[in-house]
Amino acid sequence: MPQAKYQTRADVEALVTPYQVHRDIYTSPEVYRLEMKHLFANTWVFVGHDSQVPKKGDYYTTQIGDQPVIMVRHSDGEVKVLYNRCPHKGTKIAIDRTGNTGKFFRCPYHAWSFKTDGCLLAIPLKKGYDGTGLSETESARGMKAVGDVHNYRGFIFARLAEEGISFEEYFGDSLSSFDNMVDRSPAGRLEVVGQPLRYMHRCNWKMLVENQTDTCHPMVAHESSAGTAVKIWEEMDMPKDAPKPPAMQIIAPFMSPYEFFEEMGIRTWPNGHGHTGVHTSIHADYSEIPGYEEAMKEAYGEERAKEILGENRHNTVYFPNIMIKGPIQQLRNFIPLGPDKTLVESWIYRLVDAPDELVARTAMYNRMINAPTSIVGHDDLEMYERAQEGLMADGLEWVNVQRLYQDDEDFDAEAVENGTTERQMRNQFNAWVKFMTASMPEAEVLEAAE
Amino acid sequence: MTTLDVKNRDVTREDLIDFVYDEVRMLDFGHYDDWLNLWTKDGMYWMPLDYQQEDPIHETSLMWEDQFMLRLRIERLAGARTFSQKPKTRCHHVIQRPYVDRIDNEAGEYLVTTQMHYVETRLDEQILLALTATHDLVRDADRLLIRQKRVDILNCDAAFGNIQLLP
Numbered sequence: 001m002p003q004a005k006y007q008t009r010a011d012v013e014a015l016v017t018p019y020q021v022h023r024d025i026y027t028s029p030e031v032y033r034l035e036m037k038h039l040f041a042n043t044w045v046f047v048g049h050d051s052q053v054p055k056k057g058d059y060y061t062t063q064i065g066d067q068p069v070i071m072v073r074h075s076d077g078e079v080k081v082l083y084n085r086c087p088h089k090g091t092k093i094a095i096d097r098t099g100n101t102g103k104f105f106r107c108p109y110h111a112w113s114f115k116t117d118g119c120l121l122a123i124p125l126k127k128g129y130d131g132t133g134l135s136e137t138e139s140a141r142g143m144k145a146v147g148d149v150h151n152y153r154g155f156i157f158a159r160l161a162e163e164g165i166s167f168e169e170y171f172g173d174s175l176s177s178f179d180n181m182v183d184r185s186p187a188g189r190l191e192v193v194g195q196p197l198r199y200m201h202r203c204n205w206k207m208l209v210e211n212q213t214d215t216c217h218p219m220v221a222h223e224s225s226a227g228t229a230v231k232i233w234e235e236m237d238m239p240k241d242a243p244k245p246p247a248m249q250i251i252a253p254f255m256s257p258y259e260f261f262e263e264m265g266i267r268t269w270p271n272g273h274g275h276t277g278v279h280t281s282i283h284a285d286y287s288e289i290p291g292y293e294e295a296m297k298e299a300y301g302e303e304r305a306k307e308i309l310g311e312n313r314h315n316t317v318y319f320p321n322i323m324i325k326g327p328i329q330q331l332r333n334f335i336p337l338g339p340d341k342t343l344v345e346s347w348i349y350r351l352v353d354a355p356d357e358l359v360a361r362t363a364m365y366n367r368m369i370n371a372p373t374s375i376v377g378h379d380d381l382e383m384y385e386r387a388q389e390g391l392m393a394d395g396l397e398w399v400n401v402q403r404l405y406q407d408d409e410d411f412d413a414e415a416v417e418n419g420t421t422e423r424q425m426r427n428q429f430n431a432w433v434k435f436m437t438a439s440m441p442e443a444e445v446l447e448a449a450e
Numbered sequence: 001m002t003t004l005d006v007k008n009r010d011v012t013r014e015d016l017i018d019f020v021y022d023e024v025r026m027l028d029f030g031h032y033d034d035w036l037n038l039w040t041k042d043g044m045y046w047m048p049l050d051y052q053q054e055d056p057i058h059e060t061s062l063m064w065e066d067q068f069m070l071r072l073r074i075e076r077l078a079g080a081r082t083f084s085q086k087p088k089t090r091c092h093h094v095i096q097r098p099y100v101d102r103i104d105n106e107a108g109e110y111l112v113t114t115q116m117h118y119v120e121t122r123l124d125e126q127i128l129l130a131l132t133a134t135h136d137l138v139r140d141a142d143r144l145l146i147r148q149k150r151v152d153i154l155n156c157d158a159a160f161g162n163i164q165l166l167p
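Chains U and L, in that order, give the protein sequences. Residues 1 to 450 (the UniProt record's numbering) make up the first sequence, in order. Residues 1 to 167 (the UniProt record's numbering) make up the second sequence, in order.
Think of the hints as simulated: they come from the structure by calculation, not from any bench. Any given hint could turn out to be false.
Selected chain L positions facing chain U (in silico; Cβ < 7 angstroms) [to be verified]:
| # | residue |
| --- | --- |
| 1 | Asp50 |
| 2 | Thr121 |
| 3 | Ala159 |
A few chain U positions that, by computed beta-carbon distances, are all more than 12 angstroms from chain L [what the hints assert, rightly or not]:
| # | residue |
| --- | --- |
| 4 | Lys127 |
| 5 | Ala187 |
| 6 | His201 |
| 7 | Pro245 |
| 8 | Ile251 |
| 9 | Tyr365 |
| 10 | Glu382 |
| 11 | Glu385 |
With a cut-off of at most 25 angstroms between alpha-carbon atoms, the simulated SDA-like pairs for lysine to any residue come out as follows [unchecked claim]:
| # | chain 1 | residue 1 | chain 2 | residue 2 |
| --- | --- | --- | --- | --- |
| 12 | U | Lys244 | U | Pro257 |
| 13 | U | Lys240 | U | His217 |
| 14 | U | Lys341 | L | Trp39 |
| 15 | U | Lys5 | U | Val433 |
| 16 | L | Lys88 | U | Val220 |
| 17 | U | Lys244 | L | Leu70 |
| 18 | L | Lys88 | U | Met383 |
| 19 | U | Lys341 | L | Glu54 |
| 20 | U | Lys55 | L | Leu128 |
| 21 | U | Lys341 | L | His31 |
| 22 | U | Lys244 | U | Thr137 |
| 23 | U | Lys55 | U | Gly99 |
| 24 | L | Lys41 | U | Glu385 |
| 25 | L | Lys86 | U | Pro355 |
| 26 | U | Lys434 | U | Gly99 |
| 27 | U | Lys244 | L | Trp39 |
| 28 | U | Lys5 | U | Pro355 |
| 29 | U | Lys231 | L | Leu129 |
| 30 | L | Lys41 | U | Lys341 |
| 31 | L | Lys86 | L | Asp15 |
| 32 | U | Lys341 | L | Asp28 |
| 33 | U | Lys127 | U | Asp148 |
| 34 | U | Lys5 | U | Pro18 |
| 35 | U | Lys144 | U | Gly172 |
| 36 | U | Lys56 | U | Gln67 |
| 37 | L | Lys88 | U | Glu385 |
| 38 | L | Lys41 | U | Glu235 |
| 39 | L | Lys41 | U | Trp233 |
| 40 | U | Lys341 | L | Leu129 |
All residues carry an ideal CB built from backbone N, CA and C; glycine is no exception.
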């Protein structure tokens, strides 16, 4: 093993300056391992939506960082999150992505069984453990639960660490974006729709998260799709009031000028959360759907309905690794698989009691922009992978996040700024250092141990 | 590349099989103008995301594309700032003998199912997809047109990198 480069809190802190970050953050296997051990344990990470497990015994397998977990509906109706690992020999308890396990899980290897909250239920030929002290071991405590779980309006989050920041303190006022997304349902409820897009990226997960509030790339990286759409539409020379094809509604706005994105605004919250689209967004002009506004007024009253639908909330990043689009009920999960490998899952949800046309538009957005077959996604992935390869160049070691930087930025305070600022990226790195180092020993402790 | 002519006669099994062979050849050789000419005005290209998916509209598909979108997809490939096509992607279809599932000359409607392997390559990467294509064809005067092409990828639930051309 090569000598570890990042042994102390100070070593990790040195990777992030107020407006530059060291490229090891994206490329180093050692930094990646520290992220899995610290960052993804100390933060609240998205697991799934409770409509994926509507009935008792329903489960869904996924991962938090690199940790395999099962999200399961327990017999008391609560959603539990357990490590997907038999406490006996380590076998994964569930392999399929979804299923119903009934009242208990049964390990396929030696038939140890567990209640859906993880408690050990039975072991075949149990007398073989009489007098062995099994009950004193961690194996006898059953499938291990993660540190803490919180269900926020249907969205399940977990913190792996036993101790740490509370859900409320971690997300604070940023939950207003989840509220707005869910409030857009006249019933105040979302339901998962279909399968997620699964798109493999050979780049570091943080590049994807940063891109969610990068408002200076659409008109450049996506000129080939959005610019060509506009060109074809002009060539067709249609009457001014002709209905525009879906690609013109969804893709063409990516060509909006810099001024549009500047005026859109960016808001940041403490702990790395933030969103684009404070004042307007590329989703603001989506054509209206008959019957929807009426249903909203019926449910909430005219004033409140107007307030809900008037919010823009283009992209909201929930640190560390998801983004939601409130106005179109999409959630993208940037799942790290290695320093240079990220699986992007793009989920969509139905607004309960809203017209079907809304979920049709959401599905349309998902496939047009975020599918492995998307002409927009193709150029994004090209940029990330070029960056991952380019960062190996030894001539330069730092990545710049300085646009509209101001001295003494205070990320503990909510702020609204020009929509082209990279403040949200700096906010993420500020949170990155905080939660990477929260459970790291101080330098002197490590040195004393050597 | 010439397109099949069925002037003043019924469409035969052989015509339908030839149609599918001609279509994949246009894709493999990059004869996209000919390919766009094979579609009805409201023709749709569907690539489901889910195994045996039934609804292309109210859940996510990989593709559900009208003629505007297909034209955009194809014009983009040749753009000066199409970064993901520098260098360009190439593709290759190997197809089984198509199953002709329906010939209705009276209605002018035909259904053909074809299993194929699709290879796409760019730089040092190459992907292989096993897929089933279903062509819903209609007769328009002296030729056949695609009303819907459905492409089911065998491992549609797997995670993919870019799929840039047309399986």
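Hints and how they fare:
For the restraint placing L:Asp50 at the interface with chain U, the shortest Cβ-Cβ distance is roughly 5 angstroms, inside the 7 angstroms limit, so the hint holds. For the restraint placing L:Thr121 at the interface with chain U, the shortest Cβ-Cβ distance is roughly 15 angstroms, beyond the 7 angstroms limit, so the hint is violated. Contact between L:Ala159 and chain U, as hinted, is supported at the beta carbon level, the nearest pair being about 4 angstroms apart and thus within 7 angstroms. Against chain L, the non-interface label of U:Lys127 holds: every CB pair exceeds 12 angstroms, the least being about 44 angstroms.
Every Cβ of chain L is farther than 12 angstroms from the Cβ of U:Ala187; the closest lies at roughly 18 angstroms, confirming the non-interface assignment. With a closest Cβ-Cβ approach of about 7 angstroms to chain L, U:His201 is found to fall inside the 12 angstroms limit, against its non-interface label. Non-interface call for U:Pro245 relative to chain L: violated, since the shortest CB-CB distance, roughly 4 angstroms, does not exceed 12 angstroms. For U:Ile251, the non-interface assignment is contradicted: its Cβ lies about 8 angstroms from the closest Cβ of chain L, within the 12 angstroms cut-off.
For U:Tyr365, the requirement that its beta carbon stay farther than 12 angstroms from each beta carbon of chain L is not met, with the minimum near 9 angstroms. Against chain L, the non-interface label of U:Glu382 is violated: not every CB pair exceeds 12 angstroms, the least being about 4 angstroms. The claim that U:Glu385 lies off the interface is violated: its Cβ sits roughly 9 angstroms from the closest Cβ of chain L, which falls inside the 12 angstroms cut-off. A hinted pair counts as satisfied when its Cα atoms are at most 25 angstroms apart, and U:Lys244 with U:Pro257 qualifies at roughly 20 angstroms.
Distance check on the hinted pair: U:Lys240 and U:His217 sit about 29 angstroms apart at the alpha-carbon level, beyond 25 angstroms; violated. For the proposed pair U:Lys341 and L:Trp39, the alpha carbon gap of about 39 angstroms is over 25 angstroms, so the pair is violated. Proposed proximity of U:Lys5 and U:Val433 is supported: the alpha carbons are some 16 angstroms apart, at most 25 angstroms. Annotation: proposed proximity of L:Lys88 to U:Val220 holds, straight-line Cα distance about 19 angstroms (limit 25 angstroms).
Between U:Lys244 and L:Leu70, the direct Cα distance comes to roughly 15 angstroms. Compliance with the 25 angstroms bound is thereby established for this hinted pair. Annotation: proposed proximity of L:Lys88 to U:Met383 holds, straight-line Cα distance about 15 angstroms (limit 25 angstroms). A hinted pair counts as satisfied when its Cα atoms are at most 25 angstroms apart, and U:Lys341 with L:Glu54 does not qualify at roughly 32 angstroms. Of the supplied pair hints, the one linking U:Lys55 and L:Leu128 is violated, its CA atoms being roughly 38 angstroms apart against a limit of 25 angstroms.
Restraint check: the Cα-Cα separation between U:Lys341 and L:His31 comes to about 35 angstroms, which exceeds 25 angstroms; the hinted pair is violated. With a CA separation close to 66 angstroms, the supplied pair U:Lys244 and U:Thr137 exceeds the 25 angstroms bound. Annotation: proposed proximity of U:Lys55 to U:Gly99 holds, straight-line Cα distance about 10 angstroms (limit 25 angstroms). Distance hint between L:Lys41 and U:Glu385 is unfulfilled; the C-alpha atoms sit about 37 angstroms from each other, more than 25 angstroms.
Straight-line distance between C-alpha atoms of L:Lys86 and U:Pro355 comes to about 42 angstroms, which puts the hinted pair past the 25 angstroms bound. Straight-line distance between C-alpha atoms of U:Lys434 and U:Gly99 comes to about 37 angstroms, which puts the hinted pair past the 25 angstroms bound. A threshold of 25 angstroms between alpha carbons decides the hint, and for U:Lys244 with L:Trp39 the separation of about 20 angstroms falls inside it, so the pair holds. Between U:Lys5 and U:Pro355 the alpha-carbon distance is near 55 angstroms, which puts this suggested pair outside the 25 angstroms criterion.
For the hint linking U:Lys231 to L:Leu129, the alpha-carbon distance of about 33 angstroms lies beyond 25 angstroms, and the restraint is violated. Only pairs whose Cα atoms come within 25 angstroms are accepted, and L:Lys41 paired with U:Lys341 is rejected, the gap being roughly 41 angstroms. Annotation: proposed proximity of L:Lys86 to L:Asp15 is violated, straight-line Cα distance about 37 angstroms (limit 25 angstroms). A C-alpha spacing of about 30 angstroms is found between U:Lys341 and L:Asp28, which places the hinted pair above 25 angstroms, so the restraint is violated.
Between U:Lys127 and U:Asp148 the alpha-carbon distance is near 34 angstroms, which puts this suggested pair outside the 25 angstroms criterion. With a C-alpha separation of about 22 angstroms, the suggested pairing of U:Lys5 with U:Pro18 holds against the 25 angstroms cut-off. The suggested pairing of U:Lys144 with U:Gly172 is violated, with an alpha-carbon distance near 28 angstroms, which exceeds 25 angstroms. A C-alpha spacing of about 24 angstroms is found between U:Lys56 and U:Gln67, which places the hinted pair at or below 25 angstroms, so the restraint holds.
A hinted pair counts as satisfied when its Cα atoms are at most 25 angstroms apart, and L:Lys88 with U:Glu385 qualifies at roughly 16 angstroms. The suggested pairing of L:Lys41 with U:Glu235 holds, with an alpha-carbon distance near 17 angstroms, which does not exceed 25 angstroms. As the CA atoms of L:Lys41 and U:Trp233 are separated by approximately 16 angstroms, the hinted pair is consistent with the 25 angstroms bound. Straight-line distance between C-alpha atoms of U:Lys341 and L:Leu129 comes to about 21 angstroms, which keeps the hinted pair within the 25 angstroms bound.
Checked against the numbered hints given earlier, this structure breaks hints 2, 6, 7, 8, 9, 10, 11, 13, 14, 19, 20, 21, 22, 24, 25, 26, 28, 29, 30, 31, 32, 33 and 35; the rest are met.
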